[in-house]
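Quick note, the sequences are listed as chains Z and G, same order.
Anchor point for the first sequence: position 253 equals 253 in the numbering used here, and the numbering is continuous, going up by one each time.
Anchor point for the second sequence: position 14 equals 14 in the numbering used here, and the numbering is continuous, going up by one each time.
Please note: incorrect hints may appear among the correct ones.
Claimed, not checked - Quick partial rundown of chain Z residues pointing at chain G, CB under 10 Å, derived from the structure:
#1 Ala3
#2 Gln4
#3 Val11
#4 Leu15
#5 Leu20
#6 Ala22
#7 Arg25
#8 Tyr60
#9 Gly63
#10 Trp65
#11 Pro68
#12 Tyr73
#13 Thr108
#14 Phe300
What the hints contain is simulated information worked out from the structure, not anything from laboratory work.
Heads up, the beta-carbon is just placed ideally off N, CA and C, and yes, glycines get one too.
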Amino acid sequence: MLAQHLPALQVVIPLLAAPLCALFRRGFIGWLIAVAANWLAFAASIGLLIRVLNEGVISYAMGGWAPPIGIEYRVDLINVFVLLVVSGVGAVIIPFARTGTAARFNDTDQAWFYTMYLLALTGLLGVTITGDAFNIFVFLEISSLASYVMIAMGRDRRALTAAYQYLIMGTVGATFIVIGIGLLWAMTGTLNLADLAQRIPEINDTRPVLAALAFLTVGISLKLALFPLHLWLPNAYAYAPAVTSAFLAGTATKVAIYLFLRFFYTVFGGGGFFSSTPLPEMFLVLSIVAMFAASTVALFQDDVKRMFAYSSVAQIGFITLGISFVTEAGLTAAMTHLFNHAIMKAGIFMLLGGVMFRLASVKLEDMAGIGRKMPFTMGGIVILGLGLIGTPGTSGFISKWWIVLAALEKDQWWLVALILVASLITMLYVGRIVEVAYFREPSAKAASVREAPLAMLIPAYVLVAATIYFGLDTNWSVGLAQQAAADLLAGLY
Amino acid sequence: MMRDTVILRVVVKLLLPAILIFALYVQFHGDYGPGGGFQAGVAAAAAIILYGMVFGIDEARKVVPRSVVNTMIPLGVLIFAGTGVASLLLGENYLDYSPLGSKPVKGQHLGILVVEAGVFITVASTMLAIFYVFGGRADEADEKGGEG
Numbered sequence: 001m002l003a004q005h006l007p008a009l010q011v012v013i014p015l016l017a018a019p020l021c022a023l024f025r026r027g028f029i030g031w032l033i034a035v036a037a038n039w040l041a042f043a044a045s046i047g048l049l050i051r052v053l054n055e056g057v058i059s060y061a062m063g064g065w066a067p068p069i070g071i072e073y074r075v076d077l078i079n080v081f082v083l084l085v086v087s088g089v090g091a092v093i094i095p096f097a098r099t100g101t102a103a104r105f106n107d108t109d110q111a112w113f114y115t116m117y118l119l120a121l122t123g124l125l126g127v128t129i130t131g132d133a134f135n136i137f138v139f140l141e142i143s144s145l146a147s148y149v150m151i152a153m154g155r156d157r158r159a160l161t162a163a164y165q166y167l168i169m170g171t172v173g174a175t176f177i178v179i180g181i182g183l184l185w186a187m188t189g190t191l192n193l194a195d196l197a198q199r200i201p202e203i204n205d206t207r208p209v210l211a212a213l214a215f216l217t218v219g220i221s222l223k224l225a226l227f228p229l230h231l232w233l234p235n236a237y238a239y240a241p242a243v244t245s246a247f248l249a250g251t252a253t254k255v256a257i258y259l260f261l262r263f264f265y266t267v268f269g270g271g272g273f274f275s276s277t278p279l280p281e282m283f284l285v286l287s288i289v290a291m292f293a294a295s296t297v298a299l300f301q302d303d304v305k306r307m308f309a310y311s312s313v314a315q316i317g318f319i320t321l322g323i324s325f326v327t328e329a330g331l332t333a334a335m336t337h338l339f340n341h342a343i344m345k346a347g348i349f350m351l352l353g354g355v356m357f358r359l360a361s362v363k364l365e366d367m368a369g370i371g372r373k374m375p376f377t378m379g380g381i382v383i384l385g386l387g388l389i390g391t392p393g394t395s396g397f398i399s400k401w402w403i404v405l406a407a408l409e410k411d412q413w414w415l416v417a418l419i420l421v422a423s424l425i426t427m428l429y430v431g432r433i434v435e436v437a438y439f440r441e442p443s444a445k446a447a448s449v450r451e452a453p454l455a456m457l458i459p460a461y462v463l464v465a466a467t468i469y470f471g472l473d474t475n476w477s478v479g480l481a482q483q484a485a486a487d488l489l490a491g492l493y
Numbered sequence: 001m002m003r004d005t006v007i008l009r010v011v012v013k014l015l016l017p018a019i020l021i022f023a024l025y026v027q028f029h030g031d032y033g034p035g036g037g038f039q040a041g042v043a044a045a046a047a048i049i050l051y052g053m054v055f056g057i058d059e060a061r062k063v064v065p066r067s068v069v070n071t072m073i074p075l076g077v078l079i080f081a082g083t084g085v086a087s088l089l090l091g092e093n094y095l096d097y098s099p100l101g102s103k104p105v106k107g108q109h110l111g112i113l114v115v116e117a118g119v120f121i122t123v124a125s126t127m128l129a130i131f132y133v134f135g136g137r138a139d140e141a142d143e144k145g146g147e148g
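Just chain Z, with the same shape it has in the complex:
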């Protein structure tokens, strides 16, 4: 019976937990509720994965109203993969959240923080699991509103303007998405994604549908921080609390990428339609510019959190590059990197949270010589940084390998060269941190710091271990991504 209701429980568990946190208004109880809810949500994702592997696509009729009239939750390999990433990254981050949050906020604010965290989780899981276009918009707003609050709770006052900036850009994005959905609805009379996928391909050369495509492209690209629509991201990640940065870097942009795949490959009719538009070429160019421009900007940042925020924009470029190939290898690369980057970047922001906790700064100059004072924290950052570069033995290598394979498959040697040069720039900014942290005399601030508390290190090291594990055993990450990519190209849903 429980297995049958897993699609609903996936979203309902964090949704119920959020008001509970707000009712108790105690930091510790709120944290316990958040941990329990997030772990249960992760268990639900695993349960869903097992069911999808055994029985194929799952359809769940909300409220017992049959789709396409009622709201349908539809789970296939593609979104169960993203559900696992979102709930899994959350499940590792939330135990980490206690130390930093308890040190900074009073009891009530802690409870509100966990409420917002759970609402953001609810929204992201909801966007991913639902098979209803308008439901996507509603969940997107839930997650966005909650994440604005989570960003604004940063210790730096600039967090407020960063949250405001994200609010404006995020609202523009959401508005564009809802206009796109509205146009699709006007043309087909349905909001159900599977139903849309049947009706749109027949009319996908009409002007309103193309207008919907344009609105959806811009709206979703804003949410996934595709260059040049990424400007909200660096400040939001840099000034938010560590938990927020880690969680958003690991989940929010990834869910937007899922939305992109879902709309362009499933709803508009498989890979055929996508490659008949100028979109692949546009995405190819924008992805390459993102890889280079954002990496170059990252190179010159003095704030390490900001540096890795820009690095996120560059890494998203790698993912969209994979999407732009419109081949199975390209989509496999995109899905694999979605998974691997979520783990690596969440881990890095968590470890930087540890640095912030001890040093009260993540400025490069303050971090001089910190490698000797916080060996485990910095060691973790170095390993995850090697993953970002794409060193063999880390999961980043697997992603890069597949992207290069996809480029070779298309005989695009110049792209292979560009990918390698972009990785080289990644090496330069990671190298800059290594140089400062290990080869310089400790700064005045760094001289007196200790290693980050275990409660912060252990969760972060789970992600470090995962980065190495998924670099050696790719059965799960690439295996699932490959099947999902095949389904996407075929337009199966």
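Given the structure of chain Z, go ahead and fit chain G onto it with the hints provided.
Same frame as chain Z, but now just chain G:
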């Protein structure tokens, strides 16, 4: 705020019960026609806000204290989501109200009534919370200044 304007005070006192009754009408009429928890919640909150504007925000806070408001916001969501869990426990899909009553129609009726009650509670209290926060900013700034 407007303690000296007798006419306003009398008129508002006369209007308040009518607004509240109208809110309840909108609330319970929601299953048959236009209306429902959202509109009713706004109307009910509007009554308290009107009271607060004429008699002062402190008087309004005596009627509906902030602690009550802060509890009501999550409580409404919990009632809404909890109704869905009730249908799960009765063996149907989430938010399928049919098993809640002796007949599916009665179950659906009861379910939507409870859900709308949840919506009413959250919407009314959220409106009040916004009013209290903005209306009370000057007081709070004074308090903080006094402490510092």
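Structure-based check of each hint:
no., hint, in the structure
1, Ala3, "violated (13 Å)"
2, Gln4, "holds (9 Å)"
3, Val11, "holds (9 Å)"
4, Leu15, "holds (5 Å)"
5, Leu20, "holds (7 Å)"
6, Ala22, "holds (4 Å)"
7, Arg25, "holds (8 Å)"
8, Tyr60, "holds (7 Å)"
9, Gly63, "holds (4 Å)"
10, Trp65, "holds (8 Å)"
11, Pro68, "violated (16 Å)"
12, Tyr73, "holds (9 Å)"
13, Thr108, "holds (9 Å)"
14, Phe300, "violated (40 Å)"
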